[in-house]
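Asker: Chain V is already provided as a structure; the job is to place chain A on it using the hints.
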Amino acid sequence: MLESSKESLKLEAMKRVVGLIAKGKNASELFPAVVKNVANKNLELKKLVYVYLVRYAEEQQDLALLSISTFQRALKDPNQLIRASALRVLSSIRVPIIVPIMMLAIKEAASDLSPYVRKTAAHAIQKLYSLDADQKDHLIEVIEKLLKDKSTLVAGSVVMAFEEVCPDRIDLIHRNYRKLCNLLMDVEEWGQVVIISMLTRYARTQFISPWKEDGVFENSEKAFYESDEEKRKSAEETKPYAMDPDHRLLLRSTKPLLQSRNTAVVMSVAQLYWHLAPKHEVNIITKSLVRLLRSHREVQYIVLQNIATMSIQRKGMFEPFMKSFYVRSTDATHIKTLKLEILTNLANEANISTVLREFQTYVKSQDKAFAAATIQAIGRCATNISEITDTCLNGLVLLLSNRDETVVAESVVVIRKLLQTQPSEHSDIIKHMAKLFDNITVPMARASILWLIGEYCEHVPKIAPDVLRKMAKTFHNEEDIVKLQTVSLAAKLYLTNSKQTKLLTQYILNLGKYDQNYDIRDRTRFIRQLIVPSERGGALSKYARRILLAPKPAPVLQSAFKDRDRFQLGTLSHTLNSKATGYLELSDWPPMAPDQSVRNVEVAEAMKEWSPAVGKAKSSKSDDKFYSDSGEEEDEQAADSGSDEEGGSEGSTRTPVSLSSEAESENSETSEDSSQSEKSSDSGTGVKKTTTQKNKKLQQAKKPRKLVSVCDRVCVCVCQQLSSPVFVPVHTYELLHRMTGKGLAAQYHFSRQPCIYDDRMISVQLTFSNNGDHTLENIHISEKTSAGQNIHCFSPIECLEPEKSVTVSMGVDFNDSTQAASFQLCTKAEGFNVSIQPAVGELLLPVTMSEQDFSKEQVWGAVFAAKLVSSGALVLVCVVQKDSGAQLTVNTEKTIIGSMLLRELQTVLSQGS
Amino acid sequence: MISQVFILSSQGDHLIYKDFRGEAGKDSINMFYEMVTSLSGAQPPVVMRNKNLNFIHVRHSGLYWVVSTKDNPSPFTIIEFLNRLAALTKDYCGSLSEKSVRMNFALIYELLDEMVDYGYIQTTSTDILKNFIQTEAVTSKPFSLFDLSNVGLFGAETQQSKVAPSAAASRPIVASHGEQGGKNEIFVDVVERLSVVIGSNGVLMKADVEGEIRVKCYLPTCSEMRIGLNEEFSIGKSQLRGYGAAVRVDECSFHQAVKLDEFDTYRILKVCPSQGEQTLMQYQLSDELPCAPPFRLFPTVEKDYGSRYSNDMWLIFIGRIVAINVSVTVPVPKGSLSLSQELSSPEQSAELQPRSKAVLWTIPRFPGGAQLSAVFKVEVPRLSSASLLEVGPISMSFELPKYTCTGLQVRFLRLSPTQPGLSQRWVRYVTHSDSYTIRI
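Those sequence lines, one after another, are chains V and A. UniProt numbering numbers the first residue of the first sequence as 1 and each following residue consecutively. UniProt numbering numbers the first residue of the second sequence as 1 and each following residue consecutively.
Excised from the complex, chain V in its bound form:
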């Protein structure tokens, strides 16, 4: 039928084949016939063929190769769905030979126009990685590229790839951190889960702990503050901790997700808050978690597990919701026990009476396992809260008359534990239990009673020998554990009351000697040597009393969930309470905050790429209205940032500005002007801009292009002080002309971001394009000729096809001079000598200065502060307006740079006016 010419027949046949797969039968002999249909136009048929191919391609590698060309064709299809599904299937075929093809396809798809295809490319990364781990470096490049992607569709998938391929490359996240936080709301829900868990790990390594002030574990009482504000005030008074604004951003952007419909998202936000938020803020997750309890049975189970872990550490969180954890008759046993666990954890002096009343009804439950668990819970409550121990004991003693064996046995065991923790004044209880001894058949309970009697035989001197007598009668019918305890009891009695029990003990020891179980024989032999005086064992027998009747420490009744908190909440490892493969340990908070600036400046780029969602501080719009109020707006923002640490979500507000406001507005205008003019000149329109400002002599419109680039680096500093993003001109310089480069052309521009390789370096972006007609291979930097200049090379480009271009970044330490950095750029065949010439403005980095520091400031002056990238020497520029003109002062340690800068600025300003 597969060979048939009719579509419908083929479809029917394919369905049957897939049906065979579904039933787990082998359909591999049909492979050749199926592969022929891969090029079929019918989408439905095509998809079924894909299902088949993915399943059997591994077994029939040679035949599978036949279909590859079809996929390669489909990758160029105008329909994005077809492109995506072709890539998906291509990458799902686990045939090692096609690795290079896959690599190429992924790289291409990563720059596809359709976000859906890019998303598929992100998924394909993990597949290729698992097929061939050697490709890691290339894949990381692709991941890096996709991380920069601004589409919400891609974000989730690429983070998944990141987690699988290179979870330790946290440096890739820095630049995208804020973008991810801001996008988080719009990413589809499964992506959210992955991103949140990744960000949790990230935040744990990058921010300092917000918990410092409260010690390691905070008590439940402390978790409740009258109001957050008050808490904050007190916290600020006591310690200088201020939360990193990025940390705050993460918390704030995830908070709305607590309302998500997807339980997985809710839980991952909850664990994020648990692991990252300051103690007083964790409470907001409580309500959402309790809401999850109304969900499916399976979800309930896992939520309860997590709550159980949480409730051990912080009772206060869940106390108001205690009623939600009351057990229902319809709950399954494992859910009931979990609820019990939580109730026990939550119990305190105030609510213990209600909890106990609940427990009383649970004890009557039909579900015996549950009833037994309840009794244990009562025991734990009793040890935790000393006031109610007596009440609990009495209640438990009542339960001893219950008809059900398991209940009675459990009660006995718990009573034993309780009595042990208590000073032994409960001889009447022991007596009562001794009376019950005959009726109890569960070995554990019998053993417990025997132990109790032995331990406290001084309190019940009359009963103890009698019990021993009974035991001697039934010794051979008992379970091993009971026999062992009988032997111990006999020994103890022998020591305390040897008159009455000497013969009995001898008898029991004799019985034990010939027991079938070697443990019992061992124990008997040991006891005999210990207590019965003989020639050889004499030394020990002196201490027998101290050995056997030493006061025993009370057992600690603690939760089974005590040790679970070592795992990250909401992970499979936590649920299983053992380490699953691939579990990534959540690192501890770093003692010192790592450099914040890694995220800091890059935000400009992120915002530039993705303007509509940030909007607020985005000032590169060029409508006229913007100019009239931009100064104010930015002033306000600057003021905000001084007072409110959470001011702008962009994080660039961290630099408080304290220059005088007039100067600021002036500054911002000049900066706007220059950026505007730079923009216009870049776009080639060269429109002369008229400003409305009256007292402005520093009009800078229509400047020559070269000078703009000198100046705008300085403007950049001003912008940044004023909490607006960095403007990066896209002006490029030619490094290598295509004629001299024999087809290879290279251009560079200064990206004006702190260099990722070294903070003394300046980052330069190189763009190579191949204008020739043959593929260029292995483009790299071979020789650094200039002395005293450090160059961080880009990783070699393997191949560059005709009409293609590729961008790489490198770092150059110019050593604060405008000397060109020269090096040799090589392809496989040839090498070219090239040099990068920095303009003086490129050597500067913006810095923040306080008013006092900048003492020369004048009322109508425009001021700039910057430092040299490499040496860190300060450069201060001051423009003072006089009646007819302006006076320009440049102060710096490096005189050469200073004079060069002064000269260039002078030219710019004089031409501008």
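Among the clues, some could well be false.
[Said to hold, decoys possible] With a straight-line cut-off of 20 Å between C-alpha atoms, the simulated SDA-like cross-links for lysine to any residue are: (1) V:Lys323 <-> A:Lys18; (2) V:Lys36 <-> V:Val95; (3) A:Lys99 <-> V:Thr818; (4) A:Lys18 <-> A:Ala87; (5) V:Lys23 <-> A:Gln11.
Hint data in this document are derived by calculation from the structure and do not stem from the laboratory.
Answerer: Chain A alone, transformed into the frame defined by chain V:
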């Protein structure tokens, strides 16, 4: 991440098996089934582990939906995914049963293919998936009005004209092309679950209502839908609206697609429903029922003579509606041998279930305001007063069609713009018992 997804029938037959990463062996299905069946308890744990392979499963309509993984994903993710998968399968195949899964394996494969890529979940939204799915669903029964004309909603005998045939709500959302053009239907269900604990003295100890409004939409083109709730509907304790008894709930949460701009003033939910089933709104009310609990039960337990004891019960149903599928479970002491019963009408039945140690009293239909009585005499060897303590809390389960405990009503349901074709709109109410316990 997800290594394999498989669906097993309750007998352990493979219905669907898909391997995403090729890291777990093929025998994992059998491994899983052995683990499930070897456990004696009725409820196997959700997460199980075998060597390095972890299984997470949920149960829906008697099928095991299982994911195996070697990695360390969040169990929530997996469970949520499985629940969504089951919901989607139901949406696409109409109903969820072993048969429908068997018949639609191609469709489910296609769905899985689009939902999961290499073990990573891509999307589960119906709207997006609709674009990719080519296969048509095979319905297990051809839809015919004649077969269904006798079956009422939820099994109740209600007036034919007012109630949609129940099978209408269980057909695939993606209609076959052109065949069912006239079936532009939309269902709005208000479902409430009631959990009540009544103390031995007849005092209401605890009462919770959880409710939700569900929409099942078959409209091919989505237009805006407006659902008006009672105007006196109020959230929280302080807020009071209207004059009469307010319809009050404690908490309310909405689907993200619901627009609430008219909710505050007019109590109107605006939503553009996408095809398939969605829960528009969930609400909870705890501790305070606006009405008395629907059933009252007056049990007395007396020791007769010898080894017998008797259990008299009066069951009163307050209300003007009909309750259906009422069943009362009365626990009996261990070792109970036989039961003799006196019931007030022949359609009721009672039987002793030795395994669960309980007497099950079933009443198929219970008209409002009626009183029923039952006397159970149970034979227990070695009866003592202690064993009477084992006659634990009585639990009930029931269904109340056309009734909501909170009093929430849908005032109107409008589609705008009005659909050109005939569009049928159905509003259904039902209250289920979640856990209704009466302590003795």
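Asker: Hint by hint, which ones does this structure get wrong, listed from lowest number up?
Answerer: Numbers 1, 3, in rising order.
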